[in-house]
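*Asks:* Protein chains in written order, with our numbering: chain U, 24 to 314; chain S, 5 to 398.
Source of the hints: derived by calculation from the structure; they are not laboratory data.
Ideal placement from N, C-alpha and C gives every residue a C-beta, glycine not left out.
Take the hints with a grain of salt, since some may be wrong.
Capping the alpha-carbon separation at 25 Å, the derived lysine to any residue pairs in SDA-like fashion look like this [claimed, not checked]:
(1) U/K63 to U/I141
(2) U/K63 to U/I51
(3) U/K233 to S/P122
(4) U/K233 to S/D140
(5) U/K230 to S/D317
(6) U/K214 to S/R79
(7) S/K338 to S/D317
(8) U/K214 to S/E135
(9) U/K305 to S/P122
(10) U/K210 to U/A245
(11) U/K230 to S/Q40
(12) U/K305 to S/A162
(13) U/K230 to S/K366
(14) U/K233 to S/D227
(15) U/K230 to S/N342
(16) S/K366 to S/N342
Not everything, but these chain U residues come out facing chain S in the computed CB check (under 7 Å) [to be verified]:
(17) D52
(18) E56
(19) A59
(20) E215
(21) I217
(22) A219
(23) A222
(24) F223
(25) S225
(26) Q229
(27) P237
(28) L238
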Amino acid sequence: MENSSVSADKWHYLTDKLPLDKEIDRLIDFLTEHFAFLTKAISKYLETVIEISTQGLMSLPPWLVITIFAILAWRLAGRHVGIFTILGLGLLWNLRLWEPTMETLILVVVATIIAIIIGIPFGVWSALSPMAYRIIMPILDFMQTMPAFVYLIPAIPFFGLGAVSAMFATVIFAVPPAIRLTCLGIKQVPKELIEAADAFGSTRWQKLFKLQLPLAIPTIMAGINQTIMLALSMVVIAAMIGAGGLGSEVWKAIQRLEPGKGFEAGIAIVILAMILDRITQKIGKQNSPER
Amino acid sequence: MEKIRAVNVTKIFTSHPQRALTLLEQGLSKDEIFSQTGQAVGLVKVSFDVGEGEILVVMGLSGSGKSTLIRCINRLIEPTQGQIFIDGNDITSLDHRALLELRRRKFGMVFQHFALFPQRNIINNVEYGLEIQQMDKLFRRDKARQALKLVGLEGWEAAMPNQLSGGMQQRVGLARALAVDPDILLMDEAFSALDPLIRGDMQNELMSLQARMKKTILFITHDLDEALKIGNRVVLMKDGQVVQIGTPEEILTTPANDYVKRFVENVDKSKILTARSILTEINLFAYLEDQPRDILHKMQTNKVASLFVVKRDNTLLGIVLAEVTRQAVERGDKTIANITESQVPTVITTTPLIQLIRVLAKWPWPIPVVDKENKLQGMIVNQRVLKALTKGGE
Ligand SMILES: Nc1ncnc2c1ncn2[C@@H]1O[C@H](COP(=O)(O)OP(=O)(O)OP(=O)(O)O)[C@@H](O)[C@H]1O
Ligand SMILES: [Mg+2]
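Turn these sequences into a full structure, and let the hints guide you.
*Replies:* What follows is the structure in structure tokens.
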């Protein structure tokens with residue numbers, strides 16, 4: 024050990040370095056070796072999904088896509104957000120950033136959907152079982168404090184360079200708020216209401232689907248909102264491993280020292296973030312009982 | 005058979021109650037046990053039963069274990085020891101499935117803070133109990149509408165709970181409980197969060213609903229006036245123990261101990277006490293065939309100013325007054341037929357004190373208490389009424 028890493032601390036001769044790095048590498052090697060068939064399959068499948076939806080979105084003329092999004096935003100979140108969507112997406116189109124924007128959008132949406140599919144059940148589970156809570160919460164703390172870049176490294180051996188690896192890292196990075204806020208939303212349901220549901224003879228599932236989840240929706244939506252924002256920020260970082268999209272525009276600008284181009288891509292990300300943020304926030308508010 | 009029967013129900017809030025139970029056996033108090041073990045004692049050997057169609061009110065101060073008790077009855081809280089029988093079946097041993105089934109079939113529950121589901125509109129709230137029993141949609145709509153009508157909230161089906169006033173919300177709570185057509189209503193301080201006027205209305209309404217529906221009701225309150233007003237019988241609790249069980253009148257007239265006595269001191273007794281509890285027995289009568297001279301003699305030797313006139317079978321005919329009798333004697337009358345005043349106000353044994361007072365205000369003589377056949381049972385004299393109102397009953 025000591026030969027391999029030069030130590031400045033003279034007391035280091037007293038102890039051998041713990042081989043934490045080697046062990047983790049071994050673990051990852053082991054996982055890649057034995058679960059390659061699984062990761063390969065997931066990889067294939069996801070790649071197809073991403074490709075098809077990107078192509079689908081690309082094949083439509085931008086004005087049509089902008090109109091569809093504007094109508095969606097208007098319907099879901101009101102007139103102002105609708106207008107903002109037209110102007111924002113129009114600007115991106117004008118800046119010749121249409122294609123990377125759509126790529127990024129797809130990555131974010133797919134990653135968010137996966138994060139929700141994973142996050143809500145885990146959130147429910149940790150809210151209902153104190154045992155699960157004690158196990159899951161420290162893991163979430165760990166996942167959230169670990170620098171996001173670190174997830175990129177093991178993603179590559181599992182899924183290879185490209186969008187799927189980026190997706191994997193993004194989901195891990197973005198799933199904690201979905202779990203946490205689902206858990207919080209369910210725990211927040213007043214005890215008296217749970218008692219009322221029990222007093223009428225509700226089963227556990229009836230309580231969950233008729234009372235706890237409906238009442239937790241505003242909180243869960245706040246979690247999903249955060250998940251989307253985290254996914255968006257991670258997608259930019261994930262450009263380092265070839266995720267494409269607006270992130271790679273930023274990277275290109277960094278490498279070529281073109282601050283103007285960098286800002287253009289940055290603004291595009293901000294606009295996308297704002298549209299997604301407003302829409303999800305509004306959905307959350309609409310579902311709160313104290314409307 | 006009793007609808008509900010609780011036998012020695014004890015609740016310690018912990019998963020390891022052994023030590024607390026032992027200390028309880030040794031006769032330690034709730035506070036002592038808490039300071040020694042850190043475990044909260046909720047109930048100590050509570051036993052009572054509730055007859056079919058009866059309103060039993062459980063009354064006690066905050067922390068006396070009322071909510072714990074009512075939740076033990078449908079096992080929202082598991083009793084640590086003791087049994088609970090519903091229709092004669094011990095429910096403490098039921099498994100989860102059977103317990104759900106029991107709650108669905110037998111119980112309706114109303115909560116202090118209403119506990120309406122905020123995301124559901126009124127009709128969907130009322131339907132809840134039927135919905136989880138997977139009743140047919142049309143059927144449960146219909147039932148829910150009937151229940152809403154019963155509590156006087158037709159036309160509010162589509163409103164959301166937070167659009168309703170407290171009193172209306174609790175009507176919805178009541179309708180929700182009634183919609184499943186339960187045998188037993190559990191009401192935990194159902195009216196405590198309402199302001200006094202609305203509260204009085206709701207009490208009256210509950211009583212008139214009860215007169216029609218004949219449910220078995222376990223009603224919790226911390227308000228003795230409320231307990232005495234609506235309860236057929238009242239259970240008084242203190243520190244998780246039953247202090248006294250009895251009819252409102254029994255509690256007022258024969259308090260079990262000083263604690264109860266202190267409680268009942270400030271109650272408005274005029275509405276709860278009835279003629280029965282303060283009537284004076286009569287052992288002097290005037291019979292129709294008596295001569296005025298004999299009656300006057302009877303009055304003078306016993307120092308009374310009036311006598312009730314009865315037939316031999318005790319049927320009330322009227323009253324004779326000393327003054328008038330003396331005049332009759334002087335006139336030389338041979339019967340009392342002419343001097344018997346038959347226009348006497350009468351009351352029955354269940355007439356509340358407050359009505360007696362009204363009669364007393366207009367009638368200076370004792371008031372006869374009669375039964376349904378107009379047979380004389382006793383009389384009410386001024387003095388006893390005043391005494392009853394100022395002291396703890398007798
Ligand atoms: N879940 C619990 N864990 C521990 N102690 C409890 C619990 N629930 C109740 N207690 C204790 O049991 C006792 C009785 O409480 P309970 O709620 O039954 O009283 P209450 O008569 O309903 O009072 P209130 O009028 O305030 O509602 C109290 O001392 C309380 O601190
Ligand atoms: Mg209580």
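*Asks:* In ascending order, which of the hints set out earlier in this document are inconsistent with the structure?
*Replies:* 5, 11, 13, 14, 15, 17, 18, 19, 21
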